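Now for the letters of each chain:
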Amino acid sequence: MGTSYLTIGGLSASIGLLIYAGLTYMLTNYGFRFDVGWFLLSISPYQWALIGIALAVSLSVLGAALGIFATGVSILGGGVKAPRIRTKNLISIIMCEAVAIYGLIMGIVISGYISSFSATRIEDLALKYRAGYKLFGAGLSVGLCNLFCGVCVGLVGSGAALADAQNSSLFVRILIIEIFASAIGLFGLIVSILQSSGSNMAD
Amino acid sequence: MKDDLFFNIDHGYAEGLCRGFKSGILKAADYHNLVQCETLEDLRLHLQSTDYGNFLANEASPLTVNIIDDRLGEKLVQEFQHLRNVSYQPLSTFMDYITYGYMIDNIVLLITGTLNQRAINDLLPRFHPLVTFEQLGGIAIADTPAQLYTAVLVDTPLGPYFKDCISEHDLDELNVEIIRSTLYKAYIEDFYKYCKEIGGITAEVMCDILAFEADRRAFMITINAFGTALTQDERFKLYPACGYLNPDGLQELRRTDSYEGVRDVAARYPVYKSLFDGSGTNLGDKTIEDKFFEHEVKLNMNAFLRQFHFGIFFSYLKLKEQEIRNIIWIAECISQKHRARIDNYIPLF
Chain X
1 MGTSYLTIGG LSASIGLLIY AGLTYMLTNY GFRFDVGWFL LSISPYQWAL IGIALAVSLS
61 VLGAALGIFA TGVSILGGGV KAPRIRTKNL ISIIMCEAVA IYGLIMGIVI SGYISSFSAT
121 RIEDLALKYR AGYKLFGAGL SVGLCNLFCG VCVGLVGSGA ALADAQNSSL FVRILIIEIF
181 ASAIGLFGLI VSILQSSGSN MAD
Chain C
1 MKDDLFFNID HGYAEGLCRG FKSGILKAAD YHNLVQCETL EDLRLHLQST DYGNFLANEA
61 SPLTVNIIDD RLGEKLVQEF QHLRNVSYQP LSTFMDYITY GYMIDNIVLL ITGTLNQRAI
121 NDLLPRFHPL VTFEQLGGIA IADTPAQLYT AVLVDTPLGP YFKDCISEHD LDELNVEIIR
181 STLYKAYIED FYKYCKEIGG ITAEVMCDIL AFEADRRAFM ITINAFGTAL TQDERFKLYP
241 ACGYLNPDGL QELRRTDSYE GVRDVAARYP VYKSLFDGSG TNLGDKTIED KFFEHEVKLN
301 MNAFLRQFHF GIFFSYLKLK EQEIRNIIWI AECISQKHRA RIDNYIPLF
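Protein chains in written order, with the working numbering: chain X, 1 to 203; chain C, 1 to 349.
Rather than coming from a laboratory, the hints here were simulated on the basis of the structure.
Any given hint could be a false lead.
Reference excerpt, derived from the structure (chain X facing chain C, CB under 7 Å, subset only) [said to hold, decoys possible]:
1. Ala70
2. Val73
3. Leu76
4. Gly77
5. Val80
6. Lys81
7. Pro83
8. Leu155
9. Gln166
10. Ser168
11. Val172
Quick caveat, the model's predicted, so the values are computed rather than measured.
All C-beta atoms, glycine included, are put in the ideal place defined by N, C-alpha and C.
Okay, chain X solo, but in the shape it has when bound:
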């Protein structure tokens, strides 16, 4: 069906409006009003850090959920005519669950770095902002990595269940693919720990 006229119209109208606003600001010498730095500074470091935690947990759980339902339903369907696959294929579900646990761990680790501060000097405030950004980045990286990892493990697990139902020698081989798939979630966890370490919000 492609994009409808309404979608195309809406998109072009908004892009046109943005270009118009940008040109107006620039050509009337009010370009300084578009201040990214002001925007970033006016958000408190607490907000950045806590949104980082929210992203870490919620995106990881989303990935794990997408994976678990993809696999679980195929195990149910395949298990009707081939009941032997039911127990073995729970391994796929456990691997998807691990993805959610990574998110949980990072949520706890990041929240351990948050504490109140009352600095006013700009040199001290800069460190607090640095901590906020680091924790946001850590949360975002682990969340997105786990989202895609969970989906990947789930889809491969679904294929593994259906293939196992046809031919039981295939299961171990497809499990190797799943192990590689779950390794990418681990990468997200490692990078996230590296990002969040060394951030101190305390005075």
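Given chain X's structure and the hints, the job is docking chain C onto it.
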């Protein structure tokens, strides 16, 4: 992407179940055993060890091929109905579309019956079992062709196919086979359009299968019309337009007058060229119908190689039908003790 991520929410269970049924399709080793049988009782014994199980257990001792045919058909209908019952939209509409083809056969049977003043109960056993009597609805009690036409338009989902091409007047006069072909043309084009709307992997798999089906019908209508009173233009009106032959090949087919002419038209399409090359009209060769069946089986088997699409439900039904045809062929050869061509079944896996 949408296919991969969200297919399993609604259709994962049905797909897993369908693949489970597919694993019960008879393999080469099973056919080998069946071919070795001496009597129909042996056949029953060998079928017990397959996925069919004890489906013939309650039959009285002198088995006939007709009874085996009926029971095989019943089992298939049971499995298909179960899949239909656990399906959600849009899979359920898709599976309904699959049954419309058989509904056309049943309605044509009813039309013939009405024209020949036969009672409904005589015709009931000859209906295809996949279409339930409730779905046929009020058309079963129609007495005249006029009532039948109105009832079909109102009650059955085949109304749109009638509306566009057949008028009430035609029901009296047109040859029944022409009605069947016209309806089938409208049905297959509608099904093709529906699969294209679903999009994704389903569209890729199903449109390929349906395009082949459309071309196969065009070829068979042309070949079977040689020597009958069907003119070229009337023939052209029956060709479905959703295949690979559209539009050039169909125009060429309209103008051909012999089997060689049809061969030449097919020679311009590599797939059909190879099918026609492998067949012949001599006694020992495979006929073009056999080659078409083989190609259809190959397309249906390939549908199972992809995950997250509806094509496997269609292919499963077609493969099981082919399997039933194979078993009945072997059973006929056994019961008539004419084992020369018992190996002429089409192996599936």
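(message) Need the list of violated hint numbers for this structure, in ascending order.
(response) 7, 10 and 11
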